[in-house]
Amino acid sequence: MQTIFHDDPDGRPGNCLQACIASLLDLPLDDVPHFLLHADWTAALQEFVTAHGHRLRMQPPDTHCAYGMAWGPSERGVRHAVVWADGHMAHDPHPSRAGLLHVTELLTLTPLP
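Once you know that position 56 of the sequence shown is 56 in my numbering, the rest is easy, because the numbers rise by one and skip nothing.
Just so you know, not all the hints are guaranteed correct.
[As the list claims (entries may be wrong)] Label-pair distances were calculated between CB atoms; the ranges are:
no.	residue 1	residue 2	range
1	Gly-77	Thr-110	27 to 37 Å
2	Asp-30	Arg-57	20 to 30 Å
3	Gln-46	Thr-104	17 to 27 Å
4	Pro-113	Glu-75	34 to 44 Å
5	Asp-10	Pro-113	35 to 45 Å
6	His-64	Pro-113	13 to 23 Å
7	Pro-9	Pro-113	16 to 26 Å
8	Thr-63	Asp-7	17 to 27 Å
9	Pro-113	Gln-59	12 to 22 Å
10	Arg-12	Pro-113	33 to 43 Å
11	Leu-36	Glu-75	32 to 42 Å
What the hints contain is simulated information worked out from the structure, not anything from laboratory work.
Glycine included, each C-beta is placed from N, C-alpha and C at the ideal position.
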């Protein structure tokens, strides 16, 4: 579950991405970086996932994703990440569990050979 939200009083970005990666890789949240605090968060994300034996690949939002993450707007009016499996939301790390209004980005997570 995410522990930092978009309206954090200290101004930190929410950590839904961190929580999704922790869920996908079956790691404790504290063992996963808060990627959005890195200057190049996409490189930090890819490096971390690769170090854990997987790769992330962006794909069109209207295609099938067996296992990965989806991003899109939430009912709270912010960009949000959820765990995606077999073409639907498998886990929303936000306590509301409301998910996404629609998917704008989809990333598959696959094991490295």
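Quick rundown of the hints versus the structure:
1. For Gly-77 and Thr-110, the Cβ-Cβ distance of about 32 Å falls inside the hinted range of 27 to 37 Å, so the restraint holds.
2. For Asp-30 and Arg-57, the hinted distance range of 20 to 30 Å is satisfied, since their beta carbons lie about 27 Å from each other.
3. Evaluation of the 17 to 27 Å hint for Gln-46 and Thr-104 yields a pass: the beta carbon distance comes to about 19 Å.
4. The beta-carbon spacing between Pro-113 and Glu-75, approximately 39 Å, falls within the hinted interval of 34 to 44 Å.
5. A beta carbon spacing of about 41 Å between Asp-10 and Pro-113 agrees with the range 35 to 45 Å that was offered as a hint.
6. Look at His-64 against Pro-113: about 21 Å separates their beta carbons, and that is inside 13 to 23 Å.
7. Between Pro-9 and Pro-113 the CB atoms are about 45 Å apart, so this pair departs from the stated range of 16 to 26 Å.
8. Here the CB-CB span from Thr-63 to Asp-7 is close to 33 Å, at odds with the stated 17 to 27 Å.
9. Between Pro-113 and Gln-59 the CB atoms are about 19 Å apart, so this pair conforms to the stated range of 12 to 22 Å.
10. Arg-12 and Pro-113 have their C-beta atoms about 36 Å apart, which keeps the hinted 33 to 43 Å range intact.
11. About 20 Å separates the C-beta atoms of Leu-36 and Glu-75, a value inconsistent with the hinted range of 32 to 42 Å.
Taken one by one, the earlier hints fail for this structure at numbers 7, 8, 11, listed in ascending order.
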